[in-house]
Amino acid sequence: MKGALEGIRVIDFTRVLAGPGAARMLADHGAEVIKIETLTGEIARLVIPHHDNVFGINTSGYFINTNRNKLGVTINLSDPRGLELAKRLVETADVVIENFSAGVMDRLGLGYEALRAVKPDIIMVSMPGFGQTGPYRTYASYGPTLQAIGGITYLTAFPGHEPAGFGFSYSDYTGGWPAQYAILAALHRRRKTGKGLFIDVSQMEALCALYGASTLDYVVNKRAAKPTGNRLPHRSAAPHGAYRCQGEDRWCVISVFSEKEWQAFCRAIGNPAWTADERFATLLSRTVHMDEMDRLIEKWTLERSAEEVMEIMQRAGVAAGVVQSSRDLVESDPQLRHYQFFKELEHPVIGKVAHENVPFKLSKTPAELRRPAPRLGEHNEYVLGEILHMSKEQIAKYTEEGVIGTPDLG
Amino acid sequence: MAEQAYEETLLGDLRVLDLADEKGVFCTKILADLGADVVKIERPGGDPMRNNGPFYHDIPHRERSLYFWQFNANKRGITLNLENADGRAIFKRLIKAADILVESYQPGYLDGLGLGYGELSKVNPALIMTSITPFGQTGPYRDYQGSDIVGVAMGGMMNVCGHPDTPPVMPFGEQAYHTVSNYAAIASLLALHHRDAAGVGQHIDVPMQSCVAFSLEFPNLWYIHWREVLGRRGTAHGSTGLGAYTPNVYACKDGHMCTFPGHIPTDWIDADGMIGDLNEPKWQDPFTKLSPECQAHKMEITAAWMKTHTKAELFEGCQNMHISWSPVNTFEDLFSDPHLKDRGFFVPLEHPELEETFLYPGAPMKMEETPWKLRRRAPLIGEHNLEIYEQELGFSREQLALLAAGGVI
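So the protein sequences, as listed, match chains H and S.
Residue numbers for the first sequence follow our numbering, beginning at 1 and rising by one.
Residue numbers for the second sequence follow our numbering, beginning at 1 and rising by one.
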């Protein structure tokens with residue numbers, strides 16, 4: 001089956017996750033994504049977890065999951081002949097993605113103006129942490145520091161506790177999303193107008209755009225958002241939280257919004273006497289006595305497994321769910337299994353291995369996992385030979401002289 | 001006219017119908033911000049989302065929900081009752097002229113009304129229908145209810161948020177809803193690309209749970225490749241492997257700083273006379289240096305020193321030494337942040353009926369030729385009924401009065 005982006009070629013200069021993840025979405029939907037790495041490989045090849053803890057340039061599960069469906073070439077961009085190769089690839093392409101600090105592509109001679117000179121309708125996304133302008137434009141960042149400066153580390157915590165935030169780089173996703181939808185929207189415009197576009201994504205701003213009504217609450221009501229743990233301060237929700245269940249560190253979340261859901265919740269836990277108490281009878285009184293109510297609910301959940309709590313609640317029509325660990329996701333969640341969320345691909349070095357599959361499904365042009373991530377320099381010969389029409393001798397000469405890398409396929 | 005629209009926005013030629021609740025309301029916002037004409041279809045009397053706080057000056061009012069304002073700016077709004085035969089007939093006429101429909105009802109609801117993808121694609125074969133649900137259109141959990149906290153819990157995100165000695169904590173700001181909405185917008189535009197090439201629409205199934213599970217970086221990979229579960233480790237990052245791990249966040253003079261593992265401004269700490277024994281040979285041995293004990297000792301000394309400096313001092317000082325630390329900004333800090341200010345992140349939007357202008361969060365990206373713009377505040381209830389029903393569909397005022405009396409619009 002053909003993918004939605006059949007016929008689109010993307011040149012991917014990005015490293016680690018935000019950029020490579022954005023390019024992955026295009027590759028998963030049929031675009032030909034050519035990943036350009038340094039001769040020693042992109043840094044994500046060093047990022048854990050390496051399969052079965054065996055370190056190798058081709059064994060990082062992190063790299064493998066993020067770069068499937070792409071072709072990989074290793075080009076020395078500090079050699080003018082390498083730069084020329086990159087430019088010639090751009091000439092054949094529709095989209096360029098890069099996430100160097102602001103100014104680096106310009107210094108390399110690969111800035112938007114230079115690329116537009118060789119491919120007038122090129123769509124180019126630059127997506128470093130802080131964008132192309134502004135006082136932080138040259139500052140380095142990674143997920144945790146972006147999340148911190150963007151405010152979500154401070155806000156994701158229980159009141160009175162130290163900031164908690166995320167144990168991973170959520171901002172690599174939130175920064176990647178606008179890159180993806182802007183590229184796709186720009187492709188639509190290009191079809192109508194023939195014009196390319198330069199898209200300047202700032203990962204910090206992409207994150208700051210995701211706090212809902214908090215900005216307006218600050219601007220209109222002069223109230224600055226504070227950490228609220230698992231509660232929704234401005235919404236009619238009580239109970240709303242994570243409740244400890246049987247077993248070690250097992251939790252189930254329960255959220256009740258309407259009066260109807262409250263009644264269903266009470267029935268589901270067997271209408272214990274406390275639910276009739278005036279402290280909990282109305283939404284308003286429940287929100288005042290939330291801590292007390294949570295303790296009473298936890299007495300009930302502690303006698304059950306998290307899965308049992310979820311099932312009882314869902315049968316009653318109350319939104320509830322297990323706080324699932326990755327073991328739950330990979331091994332037992334029947335819904336993710338139904339959707340083949342983890343899908344195996346044969347990798348030439350580590351063998352059959354599960355990948356995270358695209359999380360949505362287009363009925364006529366679904367994403368497809370066609371090939372595993374490239375081993376180091378795996379497609380040097382194909383890309384330079386088939387796309388740039390270089391002879392075998394030329395490729396061998398460039399390899400010998402370090403313009404392109406020596407493939408390491410082990 | 002149409003050509004003009006392309007010059008100004010990316011999606012100016014598209015009509016999007018918006019039947020989404022909180023799960024999908026940001027998807028249609030993204031499309032509207034890219035220039036699409038998004039028409040929000042509310043039930044007569046207004047969408048339930050209008051009851052979501054906070055409210056303008058804290059006075060609950062269906063036209064003053066800041067939640068509704070935030071997520072529906074740039075959209076137009078009409079009222080229509082889909083549970084009524086006249087309403088459904090009108091809806092099908094709207095579908096004829098639509099490019100994308102975004103909806104977030106429980107699976108089967110629209111089918112039950114005769115408005116499922118099968119029916120609608122007969123009316124308009126080029127229609128892209130994007131269906132957002134908690135768990136998906138099929139599968140054992142298809143009928144399960146899902147809120148934002150259920151999404152981050154079942155998708156595996158909450159399990160890696162929080163400190164080991166507290167319960168799992170929900171990411172701030174309804175991140176499961178934001179996550180699924182972003183993927184739904186991406187999916188819709190992937191389908192648009194196929195439609196532009198092949199002329200046909202399609203149905204898209206976007207489950208919130210898998211969208212969250214796809215956005216976790218480490219936990220699934222730890223389990224797949226190591227058979228290890230990554231749990232709550234406070235502010236330590238998943239790239240710091242098993243066993244002893246170093247938190248990223250430490251208190252400083254006026255708040256908190258986020259550090260970068262292994263990178264500390266040794267010379268600066270030394271110049272301040274607080275380096276302790278860190279320069280002694282026993283901590284310099286290349287093997288010892290990598291040990292958890294050495295890391296812990298290093299950060300203990302660093303943390304004590306950080307208390308003597310402010311966020312601003314540490315941020316600028318470290319970045320100038322190419323050490324990528326950053327301040328843990330509070331929410332109010334964002335409004336004085338020089339970078340956001342310089343890039344004009346917060347943008348003013350006028351509310352003419354209140355004769356006031358408010359700052360809204362702005363663009364995630366800049367595009368000189370097709371700028372991201374806030375063009376209009378969220379619609380009032382039925383604000384564009386006449387524009388759509390009279391001017392576009394050709395109903396007379398009398399007919400519209402009848403439809404209103406019948407509870408259709």
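Keep in mind that a hint or two might mislead.
Said to hold, decoys possible - Just the calculated beta-carbon pair ranges, DEER-fashion: (1) H:Asn271 - S:Thr138: 27 to 37 Å; (2) S:Pro348 - H:Arg107: 47 to 57 Å; (3) S:Glu8 - H:Arg116: 14 to 24 Å; (4) S:Ile59 - H:Arg295: 50 to 60 Å; (5) H:Asp106 - S:Glu8: 20 to 30 Å; (6) H:Ser332 - S:Glu8: 42 to 52 Å; (7) H:Gln394 - S:Val229: 46 to 56 Å; (8) S:Arg375 - H:Gln394: 48 to 58 Å; (9) H:Arg295 - S:His61: 28 to 38 Å; (10) S:Gly118 - H:Gly103: 50 to 60 Å; (11) H:Ala396 - S:Lys122: 50 to 60 Å.
As the list claims (entries may be wrong) - Short, incomplete list of chain S residues facing chain H, as computed with Cβ under 8 Å: (12) His57; (13) Gly146; (14) Gly156; (15) Gln175; (16) Gly234; (17) Phe260; (18) Gly262; (19) Asp285; (20) Phe287; (21) Thr288; (22) Lys289; (23) Leu290; (24) Ser291; (25) Leu334; (26) Ser336; (27) Gln391.
Keep in mind that the hints were calculated from the coordinates and are not lab data.
Every value quoted in this text rests on a predicted model; they were computed, and no experiment measured them.
No residue lacks a Cβ here, since even glycine has one placed at the ideal position from N, Cα and C.
Consistency of the hints with the structure:
no.: 1; hint: H:Asn271 - S:Thr138: 27 to 37 Å; in the structure: 34 Å, holds
no.: 2; hint: S:Pro348 - H:Arg107: 47 to 57 Å; in the structure: 36 Å, violated
no.: 3; hint: S:Glu8 - H:Arg116: 14 to 24 Å; in the structure: 20 Å, holds
no.: 4; hint: S:Ile59 - H:Arg295: 50 to 60 Å; in the structure: 33 Å, violated
no.: 5; hint: H:Asp106 - S:Glu8: 20 to 30 Å; in the structure: 27 Å, holds
no.: 6; hint: H:Ser332 - S:Glu8: 42 to 52 Å; in the structure: 50 Å, holds
no.: 7; hint: H:Gln394 - S:Val229: 46 to 56 Å; in the structure: 50 Å, holds
no.: 8; hint: S:Arg375 - H:Gln394: 48 to 58 Å; in the structure: 53 Å, holds
no.: 9; hint: H:Arg295 - S:His61: 28 to 38 Å; in the structure: 35 Å, holds
no.: 10; hint: S:Gly118 - H:Gly103: 50 to 60 Å; in the structure: 53 Å, holds
no.: 11; hint: H:Ala396 - S:Lys122: 50 to 60 Å; in the structure: 59 Å, holds
no.: 12; hint: His57; in the structure: 7 Å, holds
no.: 13; hint: Gly146; in the structure: 6 Å, holds
no.: 14; hint: Gly156; in the structure: 5 Å, holds
no.: 15; hint: Gln175; in the structure: 7 Å, holds
no.: 16; hint: Gly234; in the structure: 6 Å, holds
no.: 17; hint: Phe260; in the structure: 7 Å, holds
no.: 18; hint: Gly262; in the structure: 12 Å, violated
no.: 19; hint: Asp285; in the structure: 22 Å, violated
no.: 20; hint: Phe287; in the structure: 17 Å, violated
no.: 21; hint: Thr288; in the structure: 21 Å, violated
no.: 22; hint: Lys289; in the structure: 18 Å, violated
no.: 23; hint: Leu290; in the structure: 14 Å, violated
no.: 24; hint: Ser291; in the structure: 17 Å, violated
no.: 25; hint: Leu334; in the structure: 5 Å, holds
no.: 26; hint: Ser336; in the structure: 12 Å, violated
no.: 27; hint: Gln391; in the structure: 25 Å, violated
The structure is inconsistent with the numbered hints 2, 4, 18, 19, 20, 21, 22, 23, 24, 26 and 27, although it conforms to all the rest.
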